[in-house]
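S.K.: Using this note's numbering, the first residue of the sequence shown is number 1190, and each one after it goes up by one.
Please keep in mind that the hints were generated in silico from the structure rather than gathered at the bench. Misleading hints may appear alongside valid ones.
To be verified - What follows is a list of derived Cβ distance ranges for each label pair:
no. : residue 1 : residue 2 : range
1   : 1305      : 1267      : 41 to 47 Å
2   : 1254      : 1346      : 23 to 29 Å
3   : 1277      : 1324      : 42 to 48 Å
4   : 1302      : 1260      : 47 to 53 Å
5   : 1257      : 1363      : 47 to 53 Å
6   : 1245      : 1265      : 20 to 26 Å
7   : 1217      : 1261      : 55 to 61 Å
8   : 1277      : 1217      : 55 to 61 Å
9   : 1347      : 1220      : 48 to 54 Å
10  : 1228      : 1359      : 35 to 41 Å
11  : 1306      : 1235      : 42 to 48 Å
12  : 1232      : 1366      : 18 to 24 Å
13  : 1258      : 1340      : 19 to 25 Å
14  : 1340      : 1302      : 24 to 30 Å
Note that beta-carbon positions come from the ideal geometry of N, C-alpha and C, so glycine has one too.
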Amino acid sequence: GGMTSTNDSHEEKLGAAAQKLVPRAPAIVRAVMFAASWLAPAMIADMVSRKMFTPPTRRSARPEPLPAGFCRRHVAFDGGELAVWTCEGPGPAVLMVHGWGGSVSSWAGLATAFQRTGARVVLFDSPGHGESSGHSADVLIMADAIEHVVGGFGRPDMIVGHSMGAAAAVEYLRRDKSR
1190 GGMTSTNDSH EEKLGAAAQK LVPRAPAIVR AVMFAASWLA PAMIADMVSR
1240 KMFTPPTRRS ARPEPLPAGF CRRHVAFDGG ELAVWTCEGP GPAVLMVHGW
1290 GGSVSSWAGL ATAFQRTGAR VVLFDSPGHG ESSGHSADVL IMADAIEHVV
1340 GGFGRPDMIV GHSMGAAAAV EYLRRDKSR
């Protein structure tokens, strides 16, 4: 590759990102992607966006079920719904936010531990994940989802997040001026 100037356009940067999506592809595929990034930057930008913000394919079966005592609920979100599971308890409220490609089943073990302490536990599948509707997500969308879950099920005393879920929780807390 050649040198790039510091004034590269957004489309050029997306074209470069598109090339990185197919690093092991045959040279002809890489050449077509490179040419397309110059000839049809909007198409390539859309393709890169879909690749980067579409969660992995959902699994049809929940690998690790939540323990007894958790009730499936939902909250409206962006024209669809978020799948939410709650477990009532007299202790502090804990909101658990999974990471990219995860689901509430990622938290089964820790949710059980919180449940045993008497905590009120709230977990949800982020947009495009698990049993929630939607096809795409990013940190900002996941932070919006947290806001909707908190609006529907109350403010938590603690938020536990994994990876991108932790980043979304930080973004939610950054926005929340009432804390």
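S.K.: Please go over all the hints and tell whether each is borne out by the structure.
M.R.: To see whether the hints hold, each was checked on the structure:
| no. | hint | in the structure |
| --- | --- | --- |
| 1 | 1305 with 1267: 41 to 47 Å | 34 Å, violated |
| 2 | 1254 with 1346: 23 to 29 Å | 25 Å, holds |
| 3 | 1277 with 1324: 42 to 48 Å | 32 Å, violated |
| 4 | 1302 with 1260: 47 to 53 Å | 19 Å, violated |
| 5 | 1257 with 1363: 47 to 53 Å | 36 Å, violated |
| 6 | 1245 with 1265: 20 to 26 Å | 25 Å, holds |
| 7 | 1217 with 1261: 55 to 61 Å | 48 Å, violated |
| 8 | 1277 with 1217: 55 to 61 Å | 59 Å, holds |
| 9 | 1347 with 1220: 48 to 54 Å | 52 Å, holds |
| 10 | 1228 with 1359: 35 to 41 Å | 39 Å, holds |
| 11 | 1306 with 1235: 42 to 48 Å | 46 Å, holds |
| 12 | 1232 with 1366: 18 to 24 Å | 40 Å, violated |
| 13 | 1258 with 1340: 19 to 25 Å | 23 Å, holds |
| 14 | 1340 with 1302: 24 to 30 Å | 26 Å, holds |
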